[in-house]
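When you get a sec, could you build the whole thing from the sequences and use the hints?
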Amino acid sequence: MNPALLSRGRLAVWGGCLALAFALPLVLKSGFVISLLCQIGIMVVFSLSYNMLLGQTGLLSFGHAVYYGLGAFATMHLLNAIGKGGGPLTTALLPFAGGLAGLAAGVLLGYVTTRKAGTTFAMITLGIGEMVAACSLMFPAVFGGEGGVSGNRVVGKETVLGFSWGPQVEMYGLIVLWAFACTVAMFALTQTPLGRIANAVRDNPERAEFVGYDTERVRFLMVILSGFFAGIAGGLSALNYEIVTAETLNAHTSGVVLLIAFVGGIGFFYGPIIGAILVTVMQIVIGGMTHAWLLYFGLFFLFMVLVAPGGIASLIAVQRALWQAGLFRRMLPHYLAVALPVLVLLAGLVGLIELGYALLSGDAGVGAGDTATKVLGMQLHLNAPGPWLTALAVTGIGLMLTRWIGGRLGVAWNATLATLHGDKQ
Amino acid sequence: MEFVAISLLNGITYGLLLFMLSSGLTLIFSMMGILNFAHASFYMLGAYFAYQISTWVGFWPGLLVAPLLVGAVGALIERYGLRRAHRFGHVAELLFTFGLAFVVEELVHLIWGKSSVDYKIPVELDGALFTLFGTDFPIYKGFMMLVSVGMLVALYALLTRTRIGLIIQAALTKPDMVEALGHNVPRIFMLVFGGGTALAGLAGVIGGNAFITEPGMAAAVGSIVFVIVVVGGLGSLGGAFIASLLIGCIQTFSVALSISITDVFALVGITLPDGSQVARLTITQLAPVLPYLLMVAILIFRPRGLMGSRES
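Chains as they are written, first to last, in this note's numbering: chain P, 1 to 425; chain Z, 1 to 312.
Keep in mind the hints are simulated off the structure, nothing from the lab.
It is possible that part of the hints are untrue.
Said to hold, decoys possible - Chain P regions said to be covered by chain Z (calculated; three or more residues, Cβ under 8 Å):
hint, stretch
1, 111-120
2, 305-314
Said to hold, decoys possible - If you want a taste of the chain Z side facing chain P, the calculated C-beta under 10 Å gives, among others:
hint, residue
3, Ile34
4, Ala92
5, Leu95
6, Phe96
7, Ala101
8, Phe102
9, Leu107
10, Glu124
11, Ala128
12, Gly150
13, Val230
14, Leu286
15, Pro288
16, Leu293
Don't be surprised by glycine CBs; every beta carbon is placed ideally from N, CA and C.
Structure follows, in structure tokens:
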């Protein structure tokens, strides 16, 4: 094993993250923040498990929610089954059962899906995901039909170390423990021979086969293991929300985890963690402000695909490399210069989209077709051309300025990168 | 007999509509090597454009204009989006179309609202074409068949009988050579993408009022079209044709059959133990799953699809 694996710096980062996760609810005491943190913890495990496929093995899956959802349902049924006979200790261990359910699903479905890689794999997982989602509505006794299955995570009266997992803070502690254990396990997996070979299968399957590895088997193993961790995430979500609906295993959930992992950055282990934090916070904060949240998110995703396909983690990594080479100072003025036109462009676009929403689909409080709305305290008349022209003009100016200053940024960027790589050689 | 005849007609109508979608998808796939996840979104756009045009000037202009508009949108997206994503590889392209499907659905929410719109069959095409075993066969279904078959014949003629069709076919297999001969291959790509999306748009124009025009229609059809492409064999137009008709018929037949799995097994002389939930499911309830089961079966027993020439 690589001796640097347990280096002091790395241990400090892991320990720091754990300490921070436990310290956060002590500082931010509001219930809203704690349930937000719970959601983040679950998504971190889920998106990391997704990245085991996309980032590490190069398998683009459109049906990852199947493992998450099945893990959640298994956990919920077990929770209801142990009912009064169980105790807090068994409750705390239940996500493991969810993981086993995800693992079993991985064995069963992975056998079919992993025969092929690449585009075919993507399509097959899409089909399998749709199949499981359609099946879930056929068996209301297991999946609870439209209403889902609900339960109560507080079982029995006794406690372990004083925890019954009833209060949200205790649940948060449980999620942190599980999320931390899973993250460490998934990181350790990347360092094992299997994790390394998975990378080889991603980069050059032909060569991996020549060396003597069965690529199909490697893909199969990775799907099984990834299903296990997704199942744990599902189990945590079952305990956290105390309800599981058929929605947890449909295509939408699969899509969201893909977006999260990609936006965070699939090329880095910590990328999906960034994605999970960012997207969950954005979802709650921006989603609370506007109904157009999904549209903004979709556009943001398209922007990331076209401009930074490595995700946020890759942007951070490049800046770090620049910083270490002492070149960051050269880029900083350009970053600052481009920030202003981008803000102008964003303001214009947001204005247009919000005006459109207010006029066409009827925002909260404003009926569809209403002619006036309030934005930031300003009374706007939607039928008058004024607000529209302003928004259009702002967008146009922003676009022009962004192209102009962005072009100069691009030139400087390429020059700096050339220097960076030149220094390395 | 009556049931079989009517269901077969309905199945073929639906199958032909599905083929208009899957043919565009197959063409785009075999040319650019990417699966357009947003293909069904263009189908939805076609339906919504046609609805919007029909509220202004009626159905017939929409039949012509809406597919062209969709094709133009598709070509623009290829030029300014996909081509850019292409530099980052296939996964980026796939993700781009995936995000596009997401954005299109949200835009449809934004512009036309979250519930279905009232996109009607034109009055001229309302009514029965002929009566078979006492059941009317609507004119509109005949019209759908006519448009689909006409479109397919035109597509076939374009691909095999014209100069541009020959260049497209050549660019499918040997893009470098075609480029060396002085043809603008990126522009051909843009044309094929626009053409494929226009076909999807046309399917939306004639399918939107036959079924329902709502924001969920893209997701409902999208995964079925992917099943067709896998079952037929990636990149094979003939396979896509057979698979479309097959899936169209499977879906119409299974929706209309209300016998349970126990009955099916009883037909071949096997008595299932009574009482389990699986045994009591009817074929109708199974209908949404059947195409996917077919796909899984194909993948296990014939991984390259019905007519696929290569294993990808």
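Hints versus structure:
no. : hint    : verdict
1   : 111-120 : holds (count 6)
2   : 305-314 : holds (count 3)
3   : Ile34   : 8 Å, holds
4   : Ala92   : 5 Å, holds
5   : Leu95   : 5 Å, holds
6   : Phe96   : 5 Å, holds
7   : Ala101  : 9 Å, holds
8   : Phe102  : 4 Å, holds
9   : Leu107  : 7 Å, holds
10  : Glu124  : 31 Å, violated
11  : Ala128  : 33 Å, violated
12  : Gly150  : 30 Å, violated
13  : Val230  : 5 Å, holds
14  : Leu286  : 7 Å, holds
15  : Pro288  : 4 Å, holds
16  : Leu293  : 7 Å, holds
Violation of the numbered hints given earlier is confined to hints 10, 11 and 12; the remaining hints are satisfied by the structure.
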